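Participant: The residues making up each chain are set out below.
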Amino acid sequence: MSAQPLSRRDWLGLIARAPMARLGALWPDDPPEFTWLRKPEVGAMMVQGRAGAVGAAFNLGEVTVTRASVRLPCGTIGHALVQGRDTRKAERAALLDALLQTEHEEQLQATVLAPLQAAEQEEAETRARRAAATKVDFFTMVRGEG
Amino acid sequence: MQLTQGFADPAIEAARVFRIVLDAMSHPARIVTLPEIDAPAPCSPAAAAVLLTLVDGTTPLHLAGAHDCEAMRDWVRFHLGAPLVGPQDAAFALGIWDALGPLSAYPQGSAEYPDRAATLIVDDMALRSKGARLTGPGIAHEAFLALPDVAALQANAAQFPRGLDFLFTGGAQLAALPRSTQIGGA
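If you're matching them up, the sequences are chains A and B in order.
Start counting the first sequence at 1; every next residue gets the next number (the numbering used here).
Start counting the second sequence at 1; every next residue gets the next number (the numbering used here).
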């Protein structure tokens, strides 16, 4: 796995996808001082899809999301948009996003983002292995001469 | 960038502010007080509360003069998501009276759709219950309100049912002047 630090775009997605239990274990409750810009709000978002990832966009369905925005005393702003209605996860994700833009970035990249990324990658590999085990090779029999 | 929080409890406070603005609109010249909220300078708390309540992604907003600053645009983008437009496309406009410019620049509505007119939020007003004499719907006998430009507002009222509606704000206070109000002069 590359040790390259994640960009903001990547870490926003990584934190949003991480299960709350894993996030809570990696980053225990010791929230820094902050003020709310937007308290966690639960809402719905339309998710669009593309057939085969290339066709015209169509509305796939609505998904429940929670969003929140915080500001640290230094003025850094963190946003979060997470799936589901877990307001604590939205708060934590927004705080992480804010802290990752401050001098704590290096430390948090190592203690939170790297384990999250490793766990996510491992899950993906396990899933791929399980899927690969059930793979069926179809082959076409050569048509006989007669 | 120094963003501030909008309403602490959006659903409840927006409903309360809506009720207060409705009360002010139905009783022209009545001076009402809105809850204090943090607003980026030079926007007054009352104007910010009105924006948070009435403006969203479906209502084009025009920021005039000093109100068209970076802090204000960030605030609008974050809290309202309203498209920022020129006066000719605005559903709402915010600025001080001199910055808002000629009233004819804003949509006046049509005879078929008088609701397609703009609402102007005139900020930084010193609201006083003396000055121009007002009569009309919502006013029992007569009411008085200090107005910035009586002649222009009289011309606006003469277009009824077309014409603009006004919300005058200053500090945490607000008074309304709908187009239906007759302005009798000082």
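A hint or two may mislead.
In silico contact screen, one side only, chain B against chain A (beta carbon under 10 Å); selected entries [to be verified]:
| id | residue |
| --- | --- |
| 1 | L3 |
| 2 | Q5 |
| 3 | G6 |
| 4 | A8 |
| 5 | D9 |
| 6 | P10 |
| 7 | F78 |
| 8 | H79 |
| 9 | Q108 |
| 10 | S110 |
DEER-style ranges, computed between Cβ atoms [stated by the list, open to error]:
| id | chain 1 | residue 1 | chain 2 | residue 2 | range |
| --- | --- | --- | --- | --- | --- |
| 11 | B | D23 | A | R88 | 52 to 60 Å |
| 12 | A | R85 | B | I12 | 13 to 21 Å |
| 13 | A | R8 | B | D149 | 45 to 53 Å |
| 14 | A | V42 | B | T135 | 46 to 54 Å |
| 15 | B | Y113 | A | A56 | 42 to 50 Å |
| 16 | B | D98 | A | T102 | 52 to 60 Å |
FYI, nobody ran anything at the bench for these hints, they're computed from the structure.
Keep in mind it's a predicted model, so treat the numbers as computed, not measured.
Built from N, CA and C at the ideal position, the CB exists for glycine as well.
Participant: Now look at each hint and say whether the structure bears it out.
Facilitator: Against the structure, the hints come out as follows:
For B:L3, the shortest C-beta to C-beta distance to chain A is roughly 5 Å, which falls under 10 Å, so the interface hint holds. Residue-level restraint check for B:Q5 holds (minimum Cβ-Cβ distance to chain A is 5 Å; threshold 10 Å). For the restraint placing B:G6 at the interface with chain A, the shortest Cβ-Cβ distance is roughly 7 Å, inside the 10 Å limit, so the hint holds. For the restraint placing B:A8 at the interface with chain A, the shortest Cβ-Cβ distance is roughly 7 Å, inside the 10 Å limit, so the hint holds.
Because the beta carbon of B:D9 sits about 8 Å from the nearest beta carbon in chain A, less than 10 Å, this interface hint is met. Hint status for B:P10: holds, given a least beta-carbon distance of 7 Å to chain A, under 10 Å. The criterion of a C-beta within 10 Å of any C-beta in chain A is met by B:F78, whose closest approach is roughly 7 Å, and the hint holds. Interface hint at B:H79: satisfied, since its Cβ lies 8 Å from the closest Cβ of chain A, which is below the 10 Å cut-off.
The beta carbon of B:Q108 is not positioned within 10 Å of any beta carbon in chain A (closest approach about 35 Å), and the interface hint is therefore violated. Taking 10 Å as the C-beta contact cut-off toward chain A, the hint placing B:S110 at the interface is violated, the least distance being around 33 Å. Range check, B:D23 to A:R88: about 38 Å between beta-carbon atoms, so the 52 to 60 Å window is missed. Evaluation of the 13 to 21 Å hint for A:R85 and B:I12 yields a pass: the beta carbon distance comes to about 20 Å.
Our hint of 45 to 53 Å for A:R8 and B:D149 holds, since their Cβ atoms are close to 49 Å apart. In this structure the hint that A:V42 and B:T135 lie 46 to 54 Å apart at CB holds, the actual value being about 48 Å. Between B:Y113 and A:A56 the beta carbons are some 34 Å apart, a value that contradicts the proposed interval 42 to 50 Å. For the pair B:D98 and A:T102, the supplied restraint of 52 to 60 Å is violated, since their beta-carbon distance comes to about 42 Å.
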